[in-house]
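Engineer: So the protein lines, in turn, are chains A and B. If you're matching positions, the first sequence starts at 23 in the working numbering and goes up one per residue. If you're matching positions, the second sequence starts at 23 in the working numbering and goes up one per residue.
To be clear, the hints were calculated from the coordinates, so they are not data collected in a lab. You can trust all of the hints, since none of them are fake.
Reference listing, derived: stretches of chain B covered by chain A, where coverage requires no fewer than 3 residues with Cβ under 8 Å from a Cβ of chain A:
(1) 80 to 91
(2) 112 to 123
(3) 153 to 160
(4) 167 to 173
Subject to a maximum C-alpha distance of 25 Å in a straight line, what follows is the list of computed SDA-like cross-link-like pairs (lysine to any residue):
(5) A/Lys69 x B/Gly91
(6) B/Lys178 x A/Thr117
(7) A/Lys247 x A/Phe151
(8) A/Lys178 x B/Thr117
(9) A/Lys163 x B/Pro155
On a predicted model such as this, the values are computed, not experimentally measured, just so you know. For every residue, glycine included, the Cβ atom is placed at its ideal position computed from N, Cα and C.
Protein chains: 2
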Amino acid sequence: MKKAIILLSGGLDSTTVSAIAKNQNYELYGISFDYDQRHKGELEVAKKTAKRFGFKEHKIIKSGVGQLGGSALTADIAVPKDKKIEDIGKEIPITYVPARNVIFLSYALGYSETINCFDIFIGVNSVDFSGYPDCTPEFIKAFENMANISASIVKKTGNKIKIHSPLENMTKKEIIQTGIKLGVDYAETVTCYDYDPNLGACGTCESCKLRLNGFKEAGIKDPAKYRIEIY
Amino acid sequence: MKKAIILLSGGLDSTTVSAIAKNQNYELYGISFDYDQRHKGELEVAKKTAKRFGFKEHKIIKSGVGQLGGSALTADIAVPKDKKIEDIGKEIPITYVPARNVIFLSYALGYSETINCFDIFIGVNSVDFSGYPDCTPEFIKAFENMANISASIVKKTGNKIKIHSPLENMTKKEIIQTGIKLGVDYAETVTCYDYDPNLGACGTCESCKLRLNGFKEAGIKDPAKYRIEIY
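The shape of chain A in the complex, shown without the other chains (with noise of 0.2 Å):
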């Protein structure tokens, strides 16, 4: 069986991208992120995910991202609640977490120079997004790149290690209708940035009004709960 690693956060795209990877029969490894992220409830939610699909093994990694500061998800700013739907992604807003998925890919490169795997997973996506530049096919191609000539095990084998962006360029309409497909419960997964384990989603932050609006696109009730009245 071929490994694959999986950046997992526990929401919906990082879930859908381990049922497609699992799908492929790959044995899966998760590595996800202690990072002083507020919404740190996820990492409870990312556990349950690794359990669900089956995980070989799921390492959760304290890494010190929150300590370069900048970012409403870790530092001590407002996640902001009040962006319309149709202005989410025209400029890179305050959530964004600089060097973020740079920093996680390279985590999941060490990572799989240690277990000798050369296929990694991520749920970047760039259609339905907040604008990251990191989650755009450019810089999946430019990090490819770059990890193929730093990596040991490449040196060493000759093989290729090859980042894997299956929903880069699906709508967050068809990244549920893939999930639902392949089995995925979205009811366990978390999307929110001011995530409350008790309460549920916020529903107006704008990861969740980009799922919801996925959902309502596909015509499919969102199953996660939320602690405003949505539907």
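Once you have looked at the hints, place chain B on chain A.
Structural biologist: Quick look at chain B alone, frame taken from chain A:
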């Protein structure tokens, strides 16, 4: 004054790089990593180095690199001491930390975004080195390319990020000569993989061997403290 981020370990190379960047009139911002390295004493050395060179800021990031395992520098594998100087660099040794420079540069990139800095300095060298693939000019170029695609400050300003690796093509001898010309006190630098803050450097790991050979070729006595007799 232009800002520069220096990847600072407190070793011979990164200290020389600090002197080079200071000499080029940059305002210095340091970033060091607590990565469960067995030679943790280097962090205290890095702090002193930052002070000596008048760094504006010095971040020590608690990173979970050691959680990935797989290296003699972090896991419970002995640091080899029996390598001959002429064999160093021929193959990737067990002291290679998977994706270490990728991860460190990624944090530096995040840091650069939060302080609006476009110049990142790293003391990699691919002449007198251990053969780590993440020390080569090809790697630095590929990382720089990826950084300029992923960083929001590039999107926002149109400026480019430059990864400076001024030691890239120098021999250890030339690095030492450059540093001495710039007033570096090498007594205050720690290179050893098995450093003991009280007793000094081991003198027998490959990192010590490369250093001692550099001083020998430069015809200078290494002023650092060793726990074995060197001269």
